[in-house]
Amino acid sequence: MIADASRERLDTFPRLVLHHAAKRGRKIAMRHKDLGLWQSWSWLELAANMRAYAAGLSLIGLRRGEAVAIIGSNRPRLYWTFLAAQALGAIPVPVYADAIADELGYVLDDAGCVVAVVEDQEQVDKILSLEGRVPKLRHLLYDEPKGLSDYDPKSLTPISDVIARGRTRLAADADFSRGLEASIAAGKAEDISVILYTSGTTGRPKGVSIASGRAIAAAASTVAFDKLTDDDVALSYLPLAWVGDHYLNFAQSMVAGFCIACPESTETVQQDLKEIGPSFYFAPPRVFENLLTRITIRMQDAGGFQRFLFDTFMGIARRCGEAILEGRDVPLHAKLLYALGELLVYAPLKNALGFSKIRIAYTAGEAIGPELFSFYRSLGLNLKQLYGQTEAFLYVTCQSDGKIEPDAVGPAAPQVDIRIAENGEVQFRSPGMFVAYHNLPEKTAEAMTSDGYVRTGDAGFFNAAGQLKIIDRAKDVGRLKSGAFFAPKYIENKLKFFPNIKEAVAFGDQREFVTCVLNIDLSAVGAWAERNNIVYGSHKELAALPQVYDMLAADVAEVNRSLSLEPEMAQAQVARFIILPKELDADDGELTRTQKVRRGYIAERYATLVRALYDGSSEATISIEITFEDGRRGELAGRLAIRDAQLFPVPAREKVA
Amino acid sequence: MSNAAASVAASGKAPTVLLEVENVSLRFGGVKAIRDVSFEIRKGEVLAIIGPNGAGKTSMLNCINGFYHPQDGHITYKGERRARMRPYEAASRGIARTFQNVALFQGLSALDNIMVGRNLKMRRSFAWQALRLGPALREEVEHRAFVEKIIEFLEIQSIRKAPAGTLPYGLQKRVELARALAMEPDLLLLDEPMAGMNLEEKEDMCRFILDVNKQYGTTIALIEHDMGVVMDLSDRVIVLDYGRKIADGIPDQVKRDRHVIDAYLGIAD
Chain A
16 MIADASRERL
26 DTFPRLVLHH
36 AAKRGRKIAM
46 RHKDLGLWQS
56 WSWLELAANM
66 RAYAAGLSLI
76 GLRRGEAVAI
86 IGSNRPRLYW
96 TFLAAQALGA
106 IPVPVYADAI
116 ADELGYVLDD
126 AGCVVAVVED
136 QEQVDKILSL
146 EGRVPKLRHL
156 LYDEPKGLSD
166 YDPKSLTPIS
176 DVIARGRTRL
186 AADADFSRGL
196 EASIAAGKAE
206 DISVILYTSG
216 TTGRPKGVSI
226 ASGRAIAAAA
236 STVAFDKLTD
246 DDVALSYLPL
256 AWVGDHYLNF
266 AQSMVAGFCI
276 ACPESTETVQ
286 QDLKEIGPSF
296 YFAPPRVFEN
306 LLTRITIRMQ
316 DAGGFQRFLF
326 DTFMGIARRC
336 GEAILEGRDV
346 PLHAKLLYAL
356 GELLVYAPLK
366 NALGFSKIRI
376 AYTAGEAIGP
386 ELFSFYRSLG
396 LNLKQLYGQT
406 EAFLYVTCQS
416 DGKIEPDAVG
426 PAAPQVDIRI
436 AENGEVQFRS
446 PGMFVAYHNL
456 PEKTAEAMTS
466 DGYVRTGDAG
476 FFNAAGQLKI
486 IDRAKDVGRL
496 KSGAFFAPKY
506 IENKLKFFPN
516 IKEAVAFGDQ
526 REFVTCVLNI
536 DLSAVGAWAE
546 RNNIVYGSHK
556 ELAALPQVYD
566 MLAADVAEVN
576 RSLSLEPEMA
586 QAQVARFIIL
596 PKELDADDGE
606 LTRTQKVRRG
616 YIAERYATLV
626 RALYDGSSEA
636 TISIEITFED
646 GRRGELAGRL
656 AIRDAQLFPV
666 PAREKVA
Chain B
6 MSNAAASVAA
16 SGKAPTVLLE
26 VENVSLRFGG
36 VKAIRDVSFE
46 IRKGEVLAII
56 GPNGAGKTSM
66 LNCINGFYHP
76 QDGHITYKGE
86 RRARMRPYEA
96 ASRGIARTFQ
106 NVALFQGLSA
116 LDNIMVGRNL
126 KMRRSFAWQA
136 LRLGPALREE
146 VEHRAFVEKI
156 IEFLEIQSIR
166 KAPAGTLPYG
176 LQKRVELARA
186 LAMEPDLLLL
196 DEPMAGMNLE
206 EKEDMCRFIL
216 DVNKQYGTTI
226 ALIEHDMGVV
236 MDLSDRVIVL
246 DYGRKIADGI
256 PDQVKRDRHV
266 IDAYLGIAD
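Keeping their order, the protein sequence lines are chains A and B. The numbering of the first sequence is my numbering, which starts it at 16 and goes up by one. The numbering of the second sequence is my numbering, which starts it at 6 and goes up by one.
Hints are computed from structural coordinates only; laboratory data are not their basis. Cβ coordinates follow ideal geometry from the N, Cα and C atoms, glycine included. Hints may contain errors.
[As the list claims (entries may be wrong)] Restricting the straight-line Cα-Cα distance to at most 27 angstroms, the calculated cross-link-like pairs of lysine-lysine (DSSO-like) are:
(1) Lys555(A) - Lys207(B)
(2) Lys207(B) - Lys219(B)
(3) Lys48(B) - Lys260(B)
(4) Lys207(B) - Lys169(A)
[As the list claims (entries may be wrong)] Computed far set for chain A versus chain B, every beta-carbon distance over 12 angstroms:
(5) Val129
(6) Val284
(7) Asp287
(8) Ile339
(9) Leu495
(10) Phe512
Start from the sequences and build out the full structure, keeping to the hints where you can.
Here it is in structure tokens:
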């Protein structure tokens, strides 16, 4: 593959498509479930559609160097838009589909998009509402016609029309067709192949420009590392605008020639997963968490015999499942029992989850609980961790098969060079590393060291096994008044491993002690309430129940106990906590679009609560504005209880005799 | 004059009447459910029938789709005055309906429930269908393709295979609407399509009803209690009270009508 690359100049995505069309033309490149059926496109068809679409885009005036916004969920025509734009030397700019119009307007304007290609009416409405704010935008294309029949046809065009016009012209005009081939051939490795906007934990999103050659080099290195081939299949359900989807699904598929399957809708992902049975799978920890919560709830409602089977064989899997997965020595009787368990429990369970054919699964983004991690691995799922960044075009570190640690993220990925700076910050150089932040030379300079390393902003260290361990954002790691170490995310993650706690935000920098704001997990706590015949009317009511406070107090005490065992963290035990009456929400700006908490903003927004957590009161008042999904606003007000948590004695440091 | 009528009038044509109710009266023994009611349903419009409890709204729908047979008066559908039409005949002539209390086959999947709506369109005999062979299979594939369009239209792909009885109420209502649409009706009767729904479900349902009306050009007559919904949704409103029609007009007109205000607020004049 890499040897080929030098001869065929396989350093742009459109040329990769043509390469696959020539080499494995009849193999399936893409699938999409539509009207209840899986539609498929071979590499040959994909290449034909890419050409026709590119031709159509050039007919409506798209030129080299111009930007094309892509907004929507994972649909074939939106993926084709990347390829068609790149074929003309234009730059695709995917934007998160759930971004509100304001955010959308900012990105479109910043990237200077001249064409916007969107999924459906919802996105069309957002773009039309930007009237006048995106002066460069000339064309609006859409995929799904539903609900758009009344719109002014002059202001929008279906993607299918653009493709059809392109196809007709290509067939009729040989010169035009040669021009398109020339345009594809003119693509260079240094061309910007995509601008990915980071969700931005602070301030406005930044456009990370990725060069085509680097993107493909990075993808080629991990394709080789994980031995991905054209027989693999991935379900592309991650946000199109996220580096994770663009790298793991799009770029890796383009390099390895494997098939990406697009789900029918966001609600059907679980069923589509089961139908497709992907062999390569990525999910953020919260997906694995939700699945385990669901399994646990279902098993609690199951009959006695089924529960007995499940508990027995999960016990066996816990004892020897991971060892078998990693090919370590296991006594024969354990192997036999495990095989029986595979037959009775693990295989059906994996099948129900759509995990039957998974060869390689990754998780990343947040820390994953050791038990959660072991649960899936003990079932025989080759789940590994990686650590990455948009600026790296994903991979910085990743774990290889068999060398797994739940609380670390692995050694440097292939061809990646990592070092730890004096302040603990992780810095790297990688094949896919970004070229620049779009329009932000100062920010680009800030992110790079003078010798060409990228600053990740994360604090971490390499453990004894040589795997990187990320503790927190470098700038978030603070100190208590006593001078002791305070790593908020470390504490929050420990809290979030409890099924009842969905989200936690810890405070403590420059304070006497650590306090915490918690979110209950509505499905887990709701199921508990149902089992115990406890009536509640809303999230707010459920979260305020004293019994719920009791349950969470026990969880917090458990976290404190585990913190007390670690000398560096023992002083950072959670002294007091409060339960929020609402879920933290990206629409309220409390989470980023990738669902990470924005600690600073939360501290500001819930200032009254934080004050009460530190002034010793047993109650706090809250009065905040909330945004509903449709953009309307409302007010949330009330009084919330504050609890003191059980603290554990800090072990005295062993003195050197 | 209604919006629909106004726009039709502007284009120089008289509104086409799809169904006409003339002096219809319905009695159950001594109880007079409907007394001498006349109105028309015009092609392509959304007509709302409102009124206090027991005003005769559901009885009116039941007369239209042939479930009840009025003692007096006539119903003319597609220009044809009918004597005693049975529900089956009404259905085969293009009148579909949903019910106040969801009436789905609880044990069947959402998909199968919707496929039931295609039954009248199937030409192969029961025996062929039972064998699932040749022509019957081809026919089923065609119908399934049609049903899939409706499933996509109403955004219920994720519950295709779920037993109807396990679905939340709002979704059951949507499946019921899907089944009615599967009949490709000319006239769709909706009996309280939004009863028992929360605000978000209501908004969704409103959007779907308007989309059905626009996209498929289906004429819709609906019964609804939520006045906000009625005013947003309908081209024309008919108000019944104690079995009598007390108002008929565009929403704004009806809202200001003295009789309507009295009927709803219970003030005698």
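So, going through the hints one by one against the coordinates:
1. Lys555(A) - Lys207(B): Holds: Lys555(A) and Lys207(B) sit about 23 angstroms apart, inside 27 angstroms.
2. Lys207(B) - Lys219(B): holds, 18 angstroms
3. Lys48(B) - Lys260(B): holds, 23 angstroms
4. Lys207(B) - Lys169(A): violated, 32 angstroms
5. Val129: The claim holds: Val129(A) sits with its nearest Cβ about 31 angstroms from chain B, beyond 12 angstroms.
6. Val284: The claim breaks: Val284(A) does not keep its Cβ more than 12 angstroms from every Cβ of chain B (closest is about 9 angstroms).
7. Asp287: violated, 10 angstroms
8. Ile339: Holds, since 34 angstroms exceeds 12 angstroms.
9. Leu495: holds, 45 angstroms
10. Phe512: holds, 29 angstroms
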